[in-house]
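*Asks:* Here is what each chain is made of, one letter per residue.
Number of protein chains: 4
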Amino acid sequence: MTEQKIAAGILAADNEKRGNTLKADYEALGDKLARGGISIEAITDKVAQFFVAVPSWGVGTGGTRFARFPGQGEPRNIFDKLEDCAVIHELTRATPTVSLHIPWDKVDDPKRLKSHGDALGLGFDAMNSNTFSDAMGQERSYKFGSLSHTDAATRQQAVEHNIECIEIGEALGSKALTVWIGDGSNFPGQSDFTRSFERYLDSMKAIYKRLPGDWRIFSEHKMYEPAFYSTVVQDWGTNYLIATELGEKAFCLVDLGHHAPNVNIEMIVARLIQFKKLGGFHFNDSKYGDDDLDAGSIDPYRLFLVFNELVEAEHRNAENFHPAHMIDQSHNVTDPIESLIRSANEIRRAYAQALLVDRKALESYQESNDALMASETLKDAFRTDVEPILAMARLNAGGAIDPIAAYRSSGYRATVGKARPAVAGGSSGIV
Amino acid sequence: MTEQKIAAGILAADNEKRGNTLKADYEALGDKLARGGISIEAITDKVAQFFVAVPSWGVGTGGTRFARFPGQGEPRNIFDKLEDCAVIHELTRATPTVSLHIPWDKVDDPKRLKSHGDALGLGFDAMNSNTFSDAMGQERSYKFGSLSHTDAATRQQAVEHNIECIEIGEALGSKALTVWIGDGSNFPGQSDFTRSFERYLDSMKAIYKRLPGDWRIFSEHKMYEPAFYSTVVQDWGTNYLIATELGEKAFCLVDLGHHAPNVNIEMIVARLIQFKKLGGFHFNDSKYGDDDLDAGSIDPYRLFLVFNELVEAEHRNAENFHPAHMIDQSHNVTDPIESLIRSANEIRRAYAQALLVDRKALESYQESNDALMASETLKDAFRTDVEPILAMARLNAGGAIDPIAAYRSSGYRATVGKARPAVAGGSSGIV
Amino acid sequence: MTEQKIAAGILAADNEKRGNTLKADYEALGDKLARGGISIEAITDKVAQFFVAVPSWGVGTGGTRFARFPGQGEPRNIFDKLEDCAVIHELTRATPTVSLHIPWDKVDDPKRLKSHGDALGLGFDAMNSNTFSDAMGQERSYKFGSLSHTDAATRQQAVEHNIECIEIGEALGSKALTVWIGDGSNFPGQSDFTRSFERYLDSMKAIYKRLPGDWRIFSEHKMYEPAFYSTVVQDWGTNYLIATELGEKAFCLVDLGHHAPNVNIEMIVARLIQFKKLGGFHFNDSKYGDDDLDAGSIDPYRLFLVFNELVEAEHRNAENFHPAHMIDQSHNVTDPIESLIRSANEIRRAYAQALLVDRKALESYQESNDALMASETLKDAFRTDVEPILAMARLNAGGAIDPIAAYRSSGYRATVGKARPAVAGGSSGIV
Amino acid sequence: MTEQKIAAGILAADNEKRGNTLKADYEALGDKLARGGISIEAITDKVAQFFVAVPSWGVGTGGTRFARFPGQGEPRNIFDKLEDCAVIHELTRATPTVSLHIPWDKVDDPKRLKSHGDALGLGFDAMNSNTFSDAMGQERSYKFGSLSHTDAATRQQAVEHNIECIEIGEALGSKALTVWIGDGSNFPGQSDFTRSFERYLDSMKAIYKRLPGDWRIFSEHKMYEPAFYSTVVQDWGTNYLIATELGEKAFCLVDLGHHAPNVNIEMIVARLIQFKKLGGFHFNDSKYGDDDLDAGSIDPYRLFLVFNELVEAEHRNAENFHPAHMIDQSHNVTDPIESLIRSANEIRRAYAQALLVDRKALESYQESNDALMASETLKDAFRTDVEPILAMARLNAGGAIDPIAAYRSSGYRATVGKARPAVAGGSSGIV
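Chains as they are written, first to last, in the numbering used here: chain A, 28 to 458; chain B, 28 to 458; chain C, 28 to 458; chain D, 28 to 458.
In short, the hints are calculated from the structure, not lab data. Since the model is a prediction, treat every value here as computed from it, not as a measurement. Check the hints yourself; a few may be wrong.
Since the list can't tell identical chains apart, any single copy or any two copies may satisfy a pair.
Subject to a maximum C-alpha distance of 30 angstroms in a straight line, what follows is the list of computed DSSO-like cross-link-like pairs (lysine-lysine) [said to hold, decoys possible]:
#, residue 1, residue 2
1, K73, K59
2, K387, K44
3, K232, K304
4, K170, K445
5, K170, K32
6, K170, K387
7, K138, K276
8, K236, K276
9, K304, K236
10, K276, K202
11, K303, K73
12, K232, K303
Produce the entire structure from the sequences given, and follow the hints as far as they go.
*Replies:* Next up, the structure:
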């Protein structure tokens, strides 16, 4: 039996209140979709089967280099974090797995962690290594790089850390390693672009060699931050080179916030699918840089356009296409659990809308260069208010019609606020 | 007698080595400039009279939200920081003042601080308040804003903090208060733009009321970070409105890294001068966002173009024009003292180059729309290698011909590395 | 009687086909809104009263510096253009006025133009002057600027052209002049920022002096293009200075595509409203620069957020708030009439969605810093599929339920394709 | 004997005036460089051997979609253009080849063109095809694409045009074909990203098949414009895929103005060199978009950093490294000949500065992570005023010490202004 963090009675009571309205809305939408030849049940089933992993680090309050303002009941460790993740999944039924970050989530006994996950009904998604900061007691510093460091021993330490992440992941049932590094430079001349990338590739090859046969390795590109002049894995072009150099288990991870201003991200997604190297996503939203805001909160149409590419690829049975879906956000001004609930819903919303696109009509408009009707075909799907589908998918799976409301009713935050000591915020004096 | 942090003998020895070469280079450049009717001595004198304030927080190693990697001999407090600042001034003779940050630099007895500054030959530039992070023991949090917070008591607390900064500044001999706030929102709808700005203006008026008669108040705009959807003081347009609403002692501060991509910053500088509201600068450089890199390290021509506006304004005796020059950088991969030395030199370099512009020719080309020759007139000045002028200005004032070399010779970093305990770096787990 | 360009029978037949479905959808939405205490009829009425002007130049196929690809039946002159504009209004009932561009739309006898408009049921919105290109036979060139040119006679010519635009507008019943200039520079040094702006202000004052008492003058800012280094009226800060310098009949025009990357445009709108200087809009959408794409086609949520500010200002009875709504787009790959129909609908859509925002709830969440619920309050309104409201507003006013479909049924494009000779496209060799 | 467009006497007289000063400056710089162990003669020789191609379309005045303002003596055809190009080379001795654009430069008899080039001492660089605009009388339109068009016959027409370009090029002695297309879309949904790219690759393979054995084909990426939502060849990642799919004669062309804001272009250059696919450059400068301004006029340090990568690659004998150097600019406010003279000089300047980098020191600082000294090593080279080297290289090769001055003295523009009829400018009404 899965342990429930939100009392069944509270959830049932909240759903009870909203059941009739949902039923009416679902039927009205069903009628409307039926007119267009679409079965709402079929869409609801597909949505119910769409899952996204929650990042363990996402349930704690984030911050910026200027300050961090913790909230009530901040999780103290990975066990607390798993409980918070369980709440998200109980209410959304969309997030059955958690993605860990080592060393932040390192424990003495991974088996105990696995049991804790099992008890909460949670599995373990991709492992994330960390060589962008120095762990306590670490012998060599990553101040000037990790996998691409000029010093061979530092690179070796970083390689070994990644291998350790694989080993922990094997104990937990994970099947993928995500490698994001901050390596780069702050000033022209500081690094040699070519030698740095050669060293990076050598290190990655050493990690790749240790990758279990049924695992995938995801490399993640990012334009800038923490490096402010050059970044070793700066864009999808470099990321593609990496995946190609490493081999068939290597894929590119796309974080929606890691691109230059104005870049057409959905097109990058299409290219990586076409060349069989799309590994998956770190979902979030942004207005300026790597803002790590809640998915779909700034530009919901862009999120939809990304999902349009994913559904299109499904539709044409694209080869080697089985992307991993993960959220990667920083929650600075909201309750992290609420932001993750909302984001999981938004991601499913974009997926549901993309499923509604009339692909036959779209292709026909594209072929005849009817730009207006082609674009309206996407817009028609995007404009559909699919909330009844999302709610029904949650309800059917034992979740909440309105997960935020149910969460607030449950008093979970206040409860953990009592159990978990308050955390001091403030500034590091890093400006 | 001013206390010297760099032994006079070391400095003299280093200068001795380089004296003859400097003399030759200075003469060659002097001849070349003389051919164009320019007196190298006049330029050297002007450069020698150009000063820029060093930020107290700049002498510690900075960081990002991902990690901080401290260096050797990190300053423990404002007294250590002042000593590091003294080193910079001893070698560059360009940075006689320090800009403090409260509460980071708050001490029980400002008079003791003043004496320490006096002993080191340092004065105190603009005071900086901090309401973008929560100080230890602070009653109300700035998580959701400070001067624009919806809660009146929180705004009051922020106002009082600024007034306290003025009071400390008065004790230290400062003549200006710089107000930069992180207030804003991360999501559409989170804040009402209009009411937030009304509250901000009310708070600023309360601070302004307390401003001593011979002080100026500088408001500083920034496009984003720490807020990722909207920022209350987001650009120079809003900043200008603030300065106008407040009164004649209120001016706009321009931080070179706080603008949208591609924005023409030198034009903003020109507009603020023309409308008599340019207060001064936070100098640094950036490639992506508020990268806080060393001045002139990414786009030295842009720095020159800013100084071209300043010299042009001097040239035509622009009204109400007496900008404050301050550095505001984050030094993550260099010795902060070295980066500040370099930056002070770069700022003087841009000033010296701007002084070389043939303004009569420039105006004539502008009037006749000779775009090519007008732009070449600026380039001619920019291309001049003015290092001999900068070095001679330093040498004449008792500084170093090559301040980085002299600093390295002095062993200062190793010395303070012994006296000051090592600082742990690592990650906050904020991603 | 207004002359109809689309046969009444065709329109009626198309509406007939769609009437029942619309009725059902409208009722279902009405029920849903009623549950939230909102009267769908009240919203429909407000939408029906919302109008946006169509630009005369928008009904011709646009182009880029690389090429222009004309379509069938390109309008030959302003009389043809008015007929195309009439089609848009007949079908949408949202665009009763046309905005002219002089000299492109200059005719010998403005009264005849007025009569033509009257016959088609069209009025005349803001006049647009053109000093960014040289008209045939023009004495002095605007190659190096117009209102800010270094040459007084050229400035005078540009001033007189603007006065002529006012005079034509008076004959046509227009009540506003929009001034957008391309003045600026391509190279650092080419122009003196300060003197250029002084000259611009002087010229504008001369125009302002001639402005009829019941007219408004709108200045329009733009970051870049056609000038590629500096632009005299480059952003809202400068635009605000202009409106303030000129006087109470002067206002700022916001073109949604004229901003730096990532800029928060809705916040600029809010600031201009707060300081009583928002004149109106040039609606369009963009992904990169001034792309002039169909409104809402790239980022529909951004368009909604702009309207959220407008409705908020209405809601609180903001002073001096009566913005002009105009479309300004370039239609390169669609039938311009279709793009304008769609855009008019999208603009009304954003308005309708903004009307649905629960402003009481929003304010309460804002006051209590409930960032998540505040942002969801906006999203709830945005997610509502208001198409039934838009369609009913059109239908009630005599327009089309589905204006694109009705337009295509009408065969209008083929008809004018016969009457109007084909236009050669091709490239200017300008690259 | 090569025909001279600038009378030898005029050139000699201008050089005579400046010879002594140059000699003095060259000696002073030589002494300075010698102190650092560098032979000024060796650098001068390398600079003298560095050439860059001039684009035939660059000698006419450019324009924007808003207007074009022609100058005096606009070239009427490719024969006139070649004469203008000859002037540039006579004075700079840096531009011995011209890059043609078909059909703009198409002539009945390529042999006559070849003879004209021979007579002027000019060769022919890469051929440029044009499928981004419709040529007069062209059967099928490129309005909706060319090499990636949905219509097979249109694609075939575009393929054949490219093959024709190769054939013309063969007659002229060219050895490369540059393919830049405007294909893309203006609205989400308009094109299928994947199918478009498949079609593009098929078309390119058909062209590649026809490529002579000793030719190279360059594909050029561009973020946007003329397409404003998606572009088929949008970035270097896609460009790399193209070059890889096509084969060993296919390379990537980098235009400095075709990137997203803030992108680190020099790093892209390094990656393409490392993976053996850098074909060459279209040099220009930009502040906002594809501004096509004079090389080095906006950010000279960026141009230097690109050349730093090129010299570094030379230094380590990078494999498959022999980049083509071409200018691609639009001259809207200057005499095009002057802008091209200046740009050729700026490109050589960046090369000369990059040659001065102390690569041994740089590598050592990089290896030891001495970020400050590494970056200062680049800056030291950049700060060197290498104008005497450039001037001496020109003088030694028979060019001008000050080519702009000599050009102005020659009265060439006035002379051709008499022979070539004035061209009307004005606006296309495309906005």
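*Asks:* Hint by hint, note whether the structure agrees.
*Replies:* Quick rundown of the hints versus the structure:
In this assembly of identical chains, the alpha carbons of K73 and K59 lie at most 30 angstroms apart whether taken from the same copy (18 angstroms) or from different copies (26 angstroms). Taking the shortest Cα distances, K387 and K44 sit within 30 angstroms of each other only across copies (23 angstroms), while inside one copy they are farther apart (40 angstroms). Within a single copy, K232 and K304 get their C-alpha atoms as close as 17 angstroms, and across copies as close as 23 angstroms, so both meet the 30 angstroms cut-off. Taking the shortest alpha-carbon separations for K170 and K445, only the inter-copy value of 21 angstroms comes in at or below 30 angstroms, while the best intra-copy value is 38 angstroms.
Taking CA atoms no more than 30 angstroms apart as the test, K170 paired with K32 passes between copies only; the shortest distance there is 28 angstroms, against 41 angstroms inside one copy. For the identical chains of this complex, K170 and K387 are inter-copy neighbours only, at 23 angstroms across copies versus 53 angstroms inside a copy, given an alpha-carbon limit of 30 angstroms. For the homomeric pair K138 and K276, the shortest alpha-carbon distance inside one copy (26 angstroms) is at most 30 angstroms, but the shortest distance between copies (55 angstroms) is not. Taking the shortest alpha-carbon separations for K236 and K276, only the intra-copy value of 10 angstroms comes in at or below 30 angstroms, while the best inter-copy value is 33 angstroms.
Proximity of K304 and K236 under a CA criterion of 30 angstroms is satisfied in both settings, with 18 angstroms inside one chain copy and 28 angstroms between copies. For the identical chains of this complex, K276 and K202 are intra-copy neighbours only, at 11 angstroms inside a copy versus 40 angstroms across copies, given an alpha-carbon limit of 30 angstroms. Proximity of K303 to K73 under the C-alpha cut-off of 30 angstroms is restricted to the intra-copy arrangement: shortest distance 23 angstroms within a copy versus 45 angstroms between copies. Taking the closest pair of Cα atoms, K232 and K303 come within 30 angstroms of each other both inside a single copy (19 angstroms) and across two copies (21 angstroms).
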